[in-house]
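There are 2 protein chains.
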Amino acid sequence: MNKSKAWTAETIAIGSELLLGGRMDTNSLFVADRLATCGVELRYKTIVGDELSDMVAVLKTAARRVRVVIITGGLGPTIDDLTREAVAQATGQRLSRRKTALDGMIARLAEWGRTPTKAQFRQAMIPTGADIVSNPVGTAPGFVLIWKETFIAALPGVPREMEPMLHDGVLPHLQAWMGRHKQIQAIPVIRRVLHTSGVPESIVDQRLEGLLPAGTMVQLGIYASPMEVMVSLTGPDKESGPVTIDRLFDEARTRLGEIVYGEADDTMESVVGRLLTEQHMTLALAESCTGGLIGHRLTQVPGSSSYIDRGVVSYSNRAKVELLGVSPDLLDRHGAVSAEVAAAMARGIRERSGVSVGLSVTGIAGPGGGTKTKPVGLVYVGLDGGPNEALTKEFRFHGGDRSVIKQRSSQAALDLLRRWLIKKGGG
Amino acid sequence: MNKSKAWTAETIAIGSELLLGGRMDTNSLFVADRLATCGVELRYKTIVGDELSDMVAVLKTAARRVRVVIITGGLGPTIDDLTREAVAQATGQRLSRRKTALDGMIARLAEWGRTPTKAQFRQAMIPTGADIVSNPVGTAPGFVLIWKETFIAALPGVPREMEPMLHDGVLPHLQAWMGRHKQIQAIPVIRRVLHTSGVPESIVDQRLEGLLPAGTMVQLGIYASPMEVMVSLTGPDKESGPVTIDRLFDEARTRLGEIVYGEADDTMESVVGRLLTEQHMTLALAESCTGGLIGHRLTQVPGSSSYIDRGVVSYSNRAKVELLGVSPDLLDRHGAVSAEVAAAMARGIRERSGVSVGLSVTGIAGPGGGTKTKPVGLVYVGLDGGPNEALTKEFRFHGGDRSVIKQRSSQAALDLLRRWLIKKGGG
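If you read the protein sequences in the order shown, they are chains A and B. The working numbering numbers the first residue of the first sequence as 1 and each following residue consecutively. The working numbering numbers the first residue of the second sequence as 428 and each following residue consecutively.
It cannot be assumed that every hint is accurate.
Claimed, not checked - Quick partial rundown of chain A residues pointing at chain B, CB under 10 Å, derived from the structure:
id : residue
1  : 35
2  : 184
3  : 293
4  : 318
5  : 320
6  : 368
Said to hold, decoys possible - Derived DSS-like pairs: lysine-lysine, alpha-carbon spacing no greater than 30 Å straight-line:
id : chain 1 : residue 1 : chain 2 : residue 2
7  : B       : 575       : A       : 60
8  : B       : 487       : A       : 5
9  : B       : 575       : B       : 545
Hints are computed from structural coordinates only; laboratory data are not their basis. Treat the numbers as computed from the prediction; the structure is a model and nothing was measured. Don't be surprised by glycine CBs; every beta carbon is placed ideally from N, CA and C.
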């Protein structure tokens, strides 16, 4: 356990629910990423319950083996929120009520027309010598403490509180402290990500074979999830080596071609939204088996109201007839799950709403409702952009439950729209 | 770090991709659950990269603080698969090629018409004194080793290999070993969960104050997320103590009252679905700011097609007029985000679709679109179950982004429906 050679870090996630509560610690992914860009390498992640003595022991172990310790969770107002006590005990500091911490909390609560409860006052108890990290979103303040040449930060477990606090409150402190230890080298590592849709992991793997030259420090990761295959390149920033990570990234993008829908924080819905905005187009949806998921995803993007006019979730056949003008005869002849009905749904929603393009999905999400000829996982997507601009596509999704089939269906529909918009825009 | 009092465990997940690859260790959830039912309490989870010295250090720390160590990952054929070496180094054992391990691997590969590569022979190198755990799915064998009164198991990281190996290969070993240490009490632990909606964590905390009698081994957890506050009671099965976990659970349920919407794996959407089914009611949705999320959530439940007729996502005012019959005059007078429009939307969707009950949401999800009198987070929910059965409710959600406001709005709408259905059903 040699602390002196490099900038190393450990995350400690606190909470018994992370041990036996079926909850995952997702914060450490964000922390790892941000630390890497500062040249600090995450070496360990530890997860521990709400037991004070366990927390103290874990903190002491971390302080022995790394230089930077980021704790998340356990800063709430309840009696099992013991991070403050654990840090105080491990570092031999006292807890005292701090005015900055209290004032921030009172101000935040006042915005919501509330005053602190007795329990909430506990949140202002901070170890002596620590600097307060204010919370721009919730009530619990965080803090930063340097102890025996170890940088310790404690932040709330709620991601939308933790993330801005790490970024605005902790990292500037950390960088200033690192600046005072110039004898320890910091190698900023960056991570570049591509998102692909529509092909399995094995195809992505094949296309990227031999991408990395021998001896490079850049690492390639290929990760499959129900909605996409993600590709990541992780390594030193371009200034540090002869084979730049940017060049490898461009090469990967070229090799993967049209299956790449975005990079970094892009989502399929944000990419589609950008294309619709650029082409001044409006969209209406006719969803069946996805049940509103496509609408939900598209409206996650701020400003989406400027291109989404409406959506219809036509779960029943009657709704398909009444809201979309699908003919009962067509439903009888082909069944609700068919290319014909998908086409009629897309045309129906476009014509009735007067938008540029209509997008539809009909399928069997399961677990019931499948037959031999129309099994669970059979899905049709329809797109209608006006006369001579209609298409449908059949998908057969295997080996997923209802939720996975809904996710993959929504992704397939949005990807069809994406590719159509790109062709339409001449891109 | 007292090892002698109870059966305690730590999981160690091995792999650099779990540190900076954007990948999560999900195996530990499964392991925690299985160990709890054997009376072994998971106290720590550690995640470490492919660095041999880090792995050895982590193993030694674990062996000092717990009785059972379950390692996942690092058993593959490549040179960064170092779990075998790490266990050998930490325990001072030699690695040797073991016939049982090799034979199992050769047999598995033969099924696939292959023979071991040179690299794969490394997978049969097992620490002296360890028992082989055969792999029914892949090639890498696992092993179990007892060292200094610590039970150490090493298993592959792939869940569908790890899970049967833990269950069939490791747990019988563990239980036999526990049987030889009867002086250490094994207390099988269960976990009971309640889900509440509509009040903040601090209120739940207040209502449960003093629930746990002094000296009980049952632990209370209160966990807030954007959509709910979850309450868990974790402790010995009812046979083990005078205050049973079941009695505490019933007491908690009574104290919390109508804010409890479900228990265990219940979700708000499954509970609402059950109530609709019991009362033979059908539902139609008119969503504005939630963009389809309510429809998406309800249709996550298998069989939901029997009570959900349709949904309309009326994002634009024109859609509200055309699809729901909201009068343009009403929109002019009160604005789209108003109790009046929420009521008209719910009535409109119910009347037009002929269902038992219509549910509507209109609000400002942000980040844009807010004003002084109608700020981001202002949301109206409407419910219409026919003449004299209409209600609306105003919500003001603070401190969340667009996604959180959508989530909380969908939860508030479903909770209003839930409470109405319960009253209606005389429950």
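Hints, one by one, checked against the model:
| no. | hint | result |
| --- | --- | --- |
| 1 | 35 | holds (9 Å) |
| 2 | 184 | violated (18 Å) |
| 3 | 293 | holds (4 Å) |
| 4 | 318 | holds (7 Å) |
| 5 | 320 | holds (9 Å) |
| 6 | 368 | holds (7 Å) |
| 7 | B:575 to A:60 | holds (23 Å) |
| 8 | B:487 to A:5 | holds (22 Å) |
| 9 | B:575 to B:545 | violated (34 Å) |
Hints 2, 9 from the list above are not met by this structure, while the remaining hints are.
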